[in-house]
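Required output: the full structure, derived from the provided sequences and hints.
So the protein sequences, as listed, match chains P and E. So the first sequence is numbered by this note's numbering: it starts at 1 and just counts up by one. So the second sequence is numbered by this note's numbering: it starts at 238 and just counts up by one.
There may be inaccurate statements among the hints.
[To be verified] Some but not every residue of chain E turned toward chain P, in silico, with C-beta under 8 Å: (1) Val377; (2) Leu378; (3) Ser380; (4) Gly389; (5) Arg397; (6) Leu461.
[To be verified] From chain E, some residues computed to sit far from chain P (all C-beta separations above 10 Å): (7) Tyr328; (8) Leu407; (9) Ala530; (10) Trp547; (11) Trp562.
Honestly, the hints are just simulated from the structure, not real lab data. Virtual Cβ for every residue (Gly too), placed ideally from N, Cα, C.
Single-letter residue listing:
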Amino acid sequence: MIGCSGMTKRFGALPAVDNVSLDLELGSICALLGPNGAGKSTLVRMLAGLSAPDAGEVHMPQRAAIGVVPDDLALLPELTIEEQLGMCGPIYGLDRATTRRRSEDLLRLLSLWDLRRTYARECSYGMRKKTALAMALVHSPPVLLLDEPFEGVDPASSETIGATLRAAADRGITVLITTHILALVTRICDRVLVMRDGRLVSDGPVTDLPRGVEGLYFEQVEPPAKGDLAWLRLPQS
Amino acid sequence: MAATAAILTAVAKSAWRNLRATGSFAGNNLTVMIALMMAQEPVDRPSSTAVWYLFIGLMYAVPMGQRLTEQIPALRLKLWPLSPIQRSVVYLAGLVLNPIFPLAVLFTLLSRHPIVGAAMFAFGAIVPLLVVVQPGSLRVLRSVPRFPGRLGGLIQNHVREMLQTLDVPLAALLAMGGIIYRVSGGDPFASVVLGPMIVLVLSTLSQAHLQFDGGAMRTRARLLPITGWELLASRDAAWFAIVLVLGAGYRPAMVCCAAFVTAAIGHQTLLEPPVAQRRWQFSSGRLWPTGVAQFGAVMAAGGVAYNFAWAATAVASGVYGVSLWWYGRRWDTPLR
Chain P
1 MIGCSGMTKR
11 FGALPAVDNV
21 SLDLELGSIC
31 ALLGPNGAGK
41 STLVRMLAGL
51 SAPDAGEVHM
61 PQRAAIGVVP
71 DDLALLPELT
81 IEEQLGMCGP
91 IYGLDRATTR
101 RRSEDLLRLL
111 SLWDLRRTYA
121 RECSYGMRKK
131 TALAMALVHS
141 PPVLLLDEPF
151 EGVDPASSET
161 IGATLRAAAD
171 RGITVLITTH
181 ILALVTRICD
191 RVLVMRDGRL
201 VSDGPVTDLP
211 RGVEGLYFEQ
221 VEPPAKGDLA
231 WLRLPQS
Chain E
238 MAATAAILTA
248 VAKSAWRNLR
258 ATGSFAGNNL
268 TVMIALMMAQ
278 EPVDRPSSTA
288 VWYLFIGLMY
298 AVPMGQRLTE
308 QIPALRLKLW
318 PLSPIQRSVV
328 YLAGLVLNPI
338 FPLAVLFTLL
348 SRHPIVGAAM
358 FAFGAIVPLL
368 VVVQPGSLRV
378 LRSVPRFPGR
388 LGGLIQNHVR
398 EMLQTLDVPL
408 AALLAMGGII
418 YRVSGGDPFA
428 SVVLGPMIVL
438 VLSTLSQAHL
448 QFDGGAMRTR
458 ARLLPITGWE
468 LLASRDAAWF
478 AIVLVLGAGY
488 RPAMVCCAAF
498 VTAAIGHQTL
508 LEPPVAQRRW
518 QFSSGRLWPT
528 GVAQFGAVMA
538 AGGVAYNFAW
548 AATAVASGVY
558 GVSLWWYGRR
568 WDTPLR
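Structure (structure tokens):
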């Protein structure tokens with residue numbers, strides 16, 4: 001089993017994740033949706049072993065078998081994009097030639113090849129996100145936990161990443177992503193989980209959603225009334 | 238006027254909340270050494286220890302300069318519709334509201350050479366105007382190669398990080414000064430003392446909880462399949478590399494012995510909350526008890542190694558090994 005059972009995490013009195021259980025199917029892409037503050041990133045951090053749950057159990061393979069894009073990206077500031085991947089390869093047991101070959105493949109795929117000698121601290125957010133994604137993929141892990149892999153990334157790269165993840169899942173890799181890009185969820189994911197206030201409020205195949213992903217996501221959002229922010233206008237002369 | 242007041246309130250709030258600016262002053266082990274030297278200073282004749290005022294002056298001047306621009310980002314300040322006079326008021330208020338300011342005043346008052354302290358303070362005030370050129374883009378760091386082995390990439394990152402603190406140039410200055418002094422026929426005992434002193438200047442950097450860029454390294458370390466002792470060893474390898482290069486001109490047994498015990502004590506902070514470091518400032522660690530213990534251990538190790546050389550170094554390396562194993566094992570304990 002890959003997932004967790006009865007997982008709870010509190011920050012003070014506030015439950016960030018409240019008794020969440022999930023079982024990820026092998027070779028599938030599962031999207032974890034929810035508004036900001038719903039507990040998605042906290043759940044991913046616990047699944048990745050970056051923070052400990054207050055209650056519940058994590059059922060994940062060992063660290064070497066997981067690829068993670070954490071919410072803070074966790075890049076090493078003093079290494080270039082290319083050096084980040086060169087650092088990861090040997091730590092995951094890859095030889096130099098394999099690391100170099102895979103790094104080149106990933107950097108070209110993610111349009112980072114021409115920028116490979118840029119320091120992480122000098123990169124734009126989108127470049128940093130793509131670098132973190134390349135670091136998660138370079139050792140070909142059986143499980144991928146990706147916290148908002150598309151946010152801040154240009155549309156063309158988002159499409160490439162989506163297609164890459166779909167192909168990886170079709171080859172048996174299990175993927176959990178959190179995202180707000182609903183169009184991509186509809187296209188590449190097999191299953192959709194929705195969190196709200198730390199709880200899992202919906203869980204089902206993406207094809208079974210009667211009103212689509214958007215309907216599920218926006219069902220509790222109230223549109224602004226006509227008089228809201230009436231002061232937001234051109235100054236009257 | 239209302240705009241200036243609003244900005245000054247924001248500066249005051251962020252200065253008050255962000256007292257970490259004092260870190261490179263109060264959290265660097267050098268502070269202990271300088272405080273002791275100031276206490277020993279003769280009042281009736283010129284003292285060679287006055288040069289240390291330069292160092293302590295830098296320790297408050299540099300953060301003073303950088304903090305001013307960080308409390309309100311320069312871009313944000315540029316976006317606000319302020320007159321040149323309002324900008325000047327904000328600049329001056331930012332200087333006074335800086336948490337380093339009371340420390341600087343205190344230092345000036347306590348110094349037995351008030352003129353030196355005042356000059357340092359004046360320097361601190363003009364530094365903000367000089368930091369237009371940020372050394373952050375130094376390309377020389379690219380020449381730090383990847384180190385061999387599985388952890389080579391991590392060591393490379395650590396070396397580059399450490400080279401961007403002011404501890405390293407200060408230690409280099411000390412190392413070069415000592416060699417010149419010896420070559421020019423100075424007191425040979427001075428070079429004996431300077432070896433451990435170089436280790437001492439670098440000792441804050443050996444504390445394992447120091448992190449650049451918001452603790453990204455700690456998250457990455459948790460994600461990578463490396464054990465606690467490997468994590469510590471990669472950091473120590475970077476630190477030892479710098480210590481050995483800068484201490485090369487001095488008695489190797491004294492430098493090695495002092496370095497081993499310093500690193501062993503530095504491991505103690507591994508599980509402490511990460512302490513953010515800023516580039517081109519002195520490193521800021523935990524002065525009590527870690528820094529004080531490192532200071533005492535360096536002095537003791539240097540003294541013992543002076544008499545027993547490699548036997549003392551062998552014992553110190555054993556202590557280091559035990560510390561590596563013990564604190565590495567604590568890192569490997571699952572998070573609770």
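**Item:** Agreement of hint Leu461/E with chain P interface, Cβ distance less than 8 Å
**Value:** holds (5 Å)
**Message:** Just to be careful: measuring from the Cβ of Ser380/E to every Cβ in chain P, is the smallest value less than 8 Å?
**Reply:** Nearest chain P Cβ about 13 Å off; hint violated.
**Prompt:** Does Val377/E pass the interface hint, meaning its C-beta sits closer than 8 Å to a C-beta of chain P?
**Reply:** Result: violated, 12 Å to nearest chain P Cβ.
**Asked** Is Tyr328/E truly not at the interface, in the sense that its beta carbon sits beyond 10 Å from all beta carbons of chain P?
**Response** Fine: 27 Å to the nearest Cβ keeps Tyr328/E off the interface.
**Request:** Would you check whether the claim that Trp547/E is not at the interface survives, using Cβ distances to chain P and the 10 Å cut-off?
**Result:** Holds: least Cβ distance 33 Å, greater than 10 Å.
**Prompt:** Does Trp562/E sit more than 10 Å from chain P, CB to CB?
**Reply:** holds (20 Å)
**Asked** Leu407/E clear of chain P by more than 10 Å, beta carbon to beta carbon?
**Response** Nearest chain P Cβ is 20 Å from Leu407/E, so the label holds.
**Request:** Would you check whether Leu378/E satisfies its interface hint, that is, whether its CB is within less than 8 Å of any CB in chain P?
**Result:** holds (7 Å)
**Status of the Gly389/E interface restraint (C-beta, 8 Å, chain P)** = With a minimum Cβ separation of about 7 Å from chain P (threshold 8 Å), the hint on Gly389/E holds.
**Asked** Is the nearest CB of chain P more than 10 Å from the CB of Ala530/E?
**Response** Holds, because the least Cβ-Cβ distance between Ala530/E and chain P comes to about 28 Å, which exceeds 10 Å.
**Prompt:** Hint check: is the beta carbon of Arg397/E less than 8 Å from a beta carbon of chain P?
**Reply:** At about 3 Å, which falls below the 8 Å cut-off, the nearest Cβ of chain P leaves the hint on Arg397/E intact, so it holds.
The structure is inconsistent with the numbered hints 1 and 3, although it conforms to all the rest.
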